[in-house]
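First to last, the protein sequences are chains A and B. Just so we're aligned: the first sequence equals residues 3 to 266 in the numbering used here. Just so we're aligned: the second sequence equals residues 1098 to 1345 in the numbering used here.
Worth flagging that the hints you see were computed from the coordinates, not collected in a lab. Check the hints yourself; a few may be wrong.
Heads up, incomplete: computed chain B residues facing chain A, CB under 8 Å, no partners named [claimed, not checked]:
| id | residue |
| --- | --- |
| 1 | Ser-1192 |
| 2 | Leu-1235 |
| 3 | Ser-1246 |
Among chain A residues calculated to face chain B with C-beta under 8 Å, some are [as the list claims (entries may be wrong)]:
| id | residue |
| --- | --- |
| 4 | Ala-88 |
| 5 | Asp-90 |
| 6 | Leu-98 |
| 7 | Gly-127 |
| 8 | Leu-141 |
| 9 | Val-157 |
| 10 | Gly-239 |
Ideal placement from N, C-alpha and C gives every residue a C-beta, glycine not left out.
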Amino acid sequence: MFICCSGNQTIKWEEDILKIAITGASGPLGQALTAELLEAGHDVRATDIDEVDVLAEEQVRELCAGMERVVHLACARRRQETPTNAEDGRILDTALKGSWNVMHAAREAGVAQVVQVSDVCIYDGYDEDHILSEDMVPLPDTSAEQQALHLAEGVGHEFAREAPGSILTLRLGRLVDAESLSAQARFDRDWLDMGDATMALLRALELDSYDHPSHWGLYNLVADTPYRRFALRILQGHFAFSPQVDFRAWWPDRKEVDRKEVGG
Amino acid sequence: MKIMVTGAAGYIGNIVARDLAAAGHEIRGVDFRPMPALADMRVIDLNDADAIDEAVQGVDAVCHLAWPMGTWKDAAVGDNTDLGAGVRGLYHILSCCLRHGVKRVVFQSTINITWPSWDSWRITEEETPRPGTQGYTLGKTLAEDLCRSFARCHDITIAAIRIGGVFTFEAEGHGGGPDVHYLPSSCVERRDVAQAHGLCLTQKLPTRFEIFHIFHDRPGSRFPIDKAKRILGYEPRFNWEALWQRAP
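All chains, full assembly: derive it from the sequences and hints.
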């Protein structure tokens, strides 16, 4: 049994060593996850675009061969401020064809589970005061970024429908590192600490059944603050995970908090 | 109205372009193959977003029929062009429409996205698509969803028409006429598809995003076309009754 610790949260690995492939591992989240998994003694194959381009089907097939889990983090970032058709296309292709390639190759290779990472920003279209949960339909805007995330989830949903339990989609809040965050940073209620995101991914990797009618594992994850607009009930219930960092030092005026708490 | 028809050299698209022109519209054809019958014809690949951008300029409406066909039968081997040229191509078309003030779009979809529900006797536009992971149906489903997002977020009206097997009686058509003794309710004559495209551009729709079943008219159809009849005034000319009477 292996144990990972972060704050006062402990994830226990009951199983043997897992063979885990990671795409997009050179990003901050990928690096943190790789370090935790290696420390826990897992057999990790961490790759970034230089080693495995998710748009190259052959490379993805090789990556998935013999693996038991795949964590799919690879996504295309915008390189220019102003949107261009070419950039939009690259972002959409990486998300859609990339996710399809990874999930298809994983299924062919007999990988038990693909963890797909998405973002809570696809709830953009709801009013400010809505409490949001997993059973509410996402309302993304029409930017390539949000559509890429939303449509890639659609790909995951269909793979999960065909092979129940094979896909877990974790929607993360805005990732920040509480340890290096400036004291002057303006509080954002969709914040999520990098350490919490990493621990949630570890939790996802040990989960083998999902509390969703289609057996598609779908969870929203943001910091547990009085300001949050996401209900963390399913996350804390079936997924059995509670984010630890609540960014208390960055909270706005306390009176504001009380009013929100009373208001529900 | 100046209408851009994508896939204008295709089996259905060339008829849509022809019939809309006959109805008095100005047509700009777009296809990766040339179409000599059209005066304003752009030979463009769906992957070429900048060329699409230029083609959208100056039109009032778009009938989007282009889709990377020819790969879907082999989708099981892992080709996912549908998610690229198909879904990403549609994203570019819709983005360009927003940029250049085009407010009416028809997206040609397929009834195949509801295939797992076909054991039911009544499949309406409300049916939840279950496309599976096959590129063609998955791509068309995601594309419909993309249309829904654009119509929700912007002042653009999009009609998605779900069609099935498209047949023709016209001599110049590809392939032969259908077996009139057995014509599934998911079939439609391509001139009726053209009719639907025209109606989707000109009729007032209840919301900015609507899905319509466009099939021939047959008693006891599994895929009722009541919604298209009611809202668009769609009346298929090549229906089961007429075909049956032509049978030898």
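Query raised in the report: What are the numbers of the hints the structure violates, in ascending order?
Result: Of the numbered hints given earlier, the structure breaks just one, which is hint 10.
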